[in-house]
Amino acid sequence: MANLKISSLYKSFGAENVLDGINLDIQSGEFLVLLGPSGCGKSTLLRIMAGLEDESAGDIAIEGKSIAHLPPSKREIAMVFQTYALYPHLSVRGNMELVLKQAGYSKAEIKDRVAESARALELDALMDRKPSQLSGGQRQRVAIGRAIVRDPKIFLFDEPLSNLDAALRGQVRLEIARLHQRLSATMVYVTHDQVEAMTLADRIVVLNDGEIQQVGTPRDLYERPANLFVASFIGSPNMNFLQLEKLSENSAQLKDGTLLPISNNASVIPANVTLGIRSSHGILHDQAAESYLKAEVLLEEYLGDTTYVHVELETGEQMVVREDPEITRRAGDQVYVELTLSGVHLFNADTGKRMDVSISEQETA
Amino acid sequence: MAISRARRNRIAELGAHVILLTFAVIALFPVLLILINSLKTKKAIFRQPLEFPTSETLDLVGYSTVLQQGNFPLYFWNSLFVTGASLCLILLFGAMAAFALSEYRFRGNRLMGLYMALGIMIPIRLGTVGILRLMVTTDLVNTHWALILVYTAQGLPLAIFILSEFMSTVSSDLKSAGRIDGLSEYSIFFRLVLPLIRPAMATVAVFSMIPIWNDLWFPLILAPAEHTKTLTLGAQVFVGQYSNNWNAILAAMALAVIPVLILYTLFSRQLIRGLTSGAVK
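Taken in order, these protein sequences are the chains called A and B. Under the UniProt record's numbering, the first residue of the first sequence carries the number 1, and numbering increases by one thereafter. Under the UniProt record's numbering, the first residue of the second sequence carries the number 1, and numbering increases by one thereafter.
Chain A extracted, bound-state conformation (with noise of 0.2 Å):
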């Protein structure tokens, strides 16, 4: 348990800058994640936390003591990484014993740490065998097991999921926040898949292009997206986003002329605006009304649960509009969206910053 401090880091290859200045505070007993697409920097980031790159400016501290000079082996972390990376001529033991032997424990204190972590992990049948004789999730189950045999103060996750096919997936990422709750320990978890995300992090930090672009809880990233860039990464399926032809303090003109009653606060109002909304603040009529949409259905994806209509509007735009399943719709079909203003958010086109809206529907009302 410790906390973690980042402060103005950079990292650069050559004249490639691939952090560029990032700041965070981790939270003793937290669960972060790194979330951003691939080249964001996430990894980069993680093992410079680990010690694995040298950072090129700026500090790391564990409980306001500098680590940045330590070798991996000093910071007491530990890692798990995407490709397991078990030792492939040791079993099961030898892997969690490693550690604990170059650190110099009593033999009677690894065999009991190890026999501790393998009761927890229900790894107890596996202790003899080579990584080679155990599948996808008993690996990853040992390379865990090896992480928590040398109590670290900190967890680094190295997009731990990625490897193992979808069934055992959630079912490794349960045991990821079960191992959580009950050690209490401060983890940073490194991902590209929004639903690992969204599911086990007490906070997000969302990376693009080596600069942090939101840090927030699941439902902050959901509900009040920072930027366009974290509207279009977090939730599946993507945001819709309409251009807006002109923005006044108390309505919002979409292209093709609906008029839409939300206010802004913004002092200067930005030339270009766009408009943000998820596809289940979308709802199709089949007759028109003052403020709908009008669009033509392009494609229905079934899924069982839900519908997801895929729309185009007058304009050219197109949008995805999630719908109950019990209704079928056709290619071709004329409908009309009704967009639901609580979910409705303004970007400034031009930086991506988000703009604070409120309904003023009910104030004229």
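For the record, the hints were derived by calculation from the structure and aren't laboratory data. Even for Gly, the Cβ is constructed at its ideal location relative to N, Cα and C. The reader is advised that the hints may include incorrect statements.
With a Cα cut of at most 27 Å, we get these calculated DSS-like pairs of lysine-lysine [as the list claims (entries may be wrong)]:
(1) A:Lys130 <-> A:Lys101
(2) A:Lys65 <-> A:Lys5
(3) B:Lys43 <-> A:Lys74
(4) A:Lys5 <-> A:Lys111
(5) A:Lys130 <-> A:Lys65
(6) A:Lys5 <-> A:Lys74
(7) A:Lys74 <-> A:Lys153
(8) A:Lys153 <-> A:Lys101
(9) A:Lys111 <-> A:Lys101
(10) B:Lys175 <-> A:Lys101
(11) A:Lys153 <-> A:Lys107
(12) B:Lys175 <-> A:Lys153
(13) B:Lys42 <-> A:Lys130
(14) B:Lys175 <-> A:Lys111
(15) A:Lys255 <-> A:Lys353
(16) B:Lys175 <-> A:Lys107
(17) A:Lys101 <-> A:Lys74
(18) A:Lys111 <-> A:Lys74
The calculated label-pair distances, taken between Cβ atoms and stated as ranges, are [said to hold, decoys possible]:
(19) A:Gly64 <-> B:Met112: 39 to 45 Å
(20) B:Glu165 <-> A:Asn238: 40 to 46 Å
(21) A:Arg129 <-> B:Phe207: 43 to 49 Å
Take the given structure of chain A and dock chain B to it, following the hints.
What follows is chain B alone, placed relative to chain A:
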């Protein structure tokens, strides 16, 4: 349908075996010729070179000459020692250099790799005069070390080239895990990486061993003394200006094949894995 497919498969298999067998016969024919003729009388060697030894033509005079005349057990030992020591050094330093080149990012890394690879293209014999002068100054002429050092230098470029390719296939997560668990760079190299590239090491061992074992040039120039003579050089005593002692030459050659054969059998399983590991996953 199923039958015809099975039959077609069998025909294809047969065809492949015919081709492989033909190749094996072509490759093994000279070796076989040496073996059968080393067991015959001199007359029989020239009259019926392709015939197996019969009760009349069987003659072990070649072997008895080789084993009695001169210091053949010593030559044998010299060859074994020089080849073995050179192989150990080539594998050790080759693997270490390959690890450094593929694992660490440092200034001049690519240039260094290229410099090492140049050694594959430039034959070391071009530098014979320089090497001889060096060995004379360092007083190493007529010692095993003269040969071992030269052969190590000769074998390193190819070893580094092949091994660094394989080094980069070793999972970097594994090395990272070792570092986090507190293993030193040496432990990571010897305990994690080397066992994983064993097939590549066997490939390099076989490729490096054969030219060293067969070499005549450097033993002749750097270590021609009686106590450092290698097998190939020792066999030259039977090659005369006017007549050759064919019995003895063939017997010496037949004996020289044995250690190579033993080493090859030891390495062969690993070797095949090394050669096919790129192609078959």
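Outcome of the hint check:
1. At roughly 19 Å between alpha-carbon atoms, Lys130 (chain A) and Lys101 (chain A) fall within 27 Å of each other, so this suggested pair holds.
2. Note on Lys65 (chain A) and Lys5 (chain A): the hinted pairing holds, with a Cα-Cα distance of about 9 Å set against a maximum of 27 Å.
3. Under the criterion of a C-alpha separation no larger than 27 Å, the hint pairing Lys43 (chain B) with Lys74 (chain A) is inconsistent with the structure, at around 78 Å.
4. With a CA separation close to 34 Å, the supplied pair Lys5 (chain A) and Lys111 (chain A) exceeds the 27 Å bound.
5. The hinted pair formed by Lys130 (chain A) and Lys65 (chain A) fails the criterion: a straight-line CA distance of about 38 Å is larger than 27 Å.
6. A threshold of 27 Å between alpha carbons decides the hint, and for Lys5 (chain A) with Lys74 (chain A) the separation of about 17 Å falls inside it, so the pair holds.
7. Proposed proximity of Lys74 (chain A) and Lys153 (chain A) is supported: the alpha carbons are some 11 Å apart, at most 27 Å.
8. For the proposed pair Lys153 (chain A) and Lys101 (chain A), the alpha carbon gap of about 19 Å is at most 27 Å, so the pair holds.
9. With a C-alpha separation of about 11 Å, the suggested pairing of Lys111 (chain A) with Lys101 (chain A) holds against the 27 Å cut-off.
10. A C-alpha spacing of about 17 Å is found between Lys175 (chain B) and Lys101 (chain A), which places the hinted pair at or below 27 Å, so the restraint holds.
11. Between the alpha carbons of Lys153 (chain A) and Lys107 (chain A) the distance comes to roughly 23 Å, so the proposed pair stays at or under 27 Å and holds.
12. For a cut-off of 27 Å, the pair hint linking Lys175 (chain B) to Lys153 (chain A) stands: about 21 Å separates their Cα positions.
13. The hinted pair formed by Lys42 (chain B) and Lys130 (chain A) fails the criterion: a straight-line CA distance of about 60 Å is larger than 27 Å.
14. Distance hint between Lys175 (chain B) and Lys111 (chain A) is fulfilled; the C-alpha atoms sit about 25 Å from each other, no more than 27 Å.
15. A distance of roughly 21 Å separates the Cα atoms of Lys255 (chain A) and Lys353 (chain A); the hinted pair therefore holds under the 27 Å criterion.
16. Of the pairs offered as hints, the one joining Lys175 (chain B) and Lys107 (chain A) holds, with about 25 Å between alpha carbons and a cut-off of 27 Å not exceeded.
17. This hinted pair checks out: Lys101 (chain A) and Lys74 (chain A) have alpha carbons roughly 14 Å apart, not beyond 27 Å.
18. Distance hint between Lys111 (chain A) and Lys74 (chain A) is fulfilled; the C-alpha atoms sit about 22 Å from each other, no more than 27 Å.
19. Distance hint for Gly64 (chain A) and Met112 (chain B): a CB-CB separation of about 42 Å, consistent with the stated range 39 to 45 Å.
20. Remark: the range hint 40 to 46 Å for Glu165 (chain B) to Asn238 (chain A) is upheld by a beta-carbon distance near 42 Å.
21. Roughly 36 Å separates the CB atoms of Arg129 (chain A) and Phe207 (chain B), a value that falls outside the hinted 43 to 49 Å.
The structure fails to meet hints 3, 4, 5, 13 and 21 from the earlier list, while all remaining hints are met.
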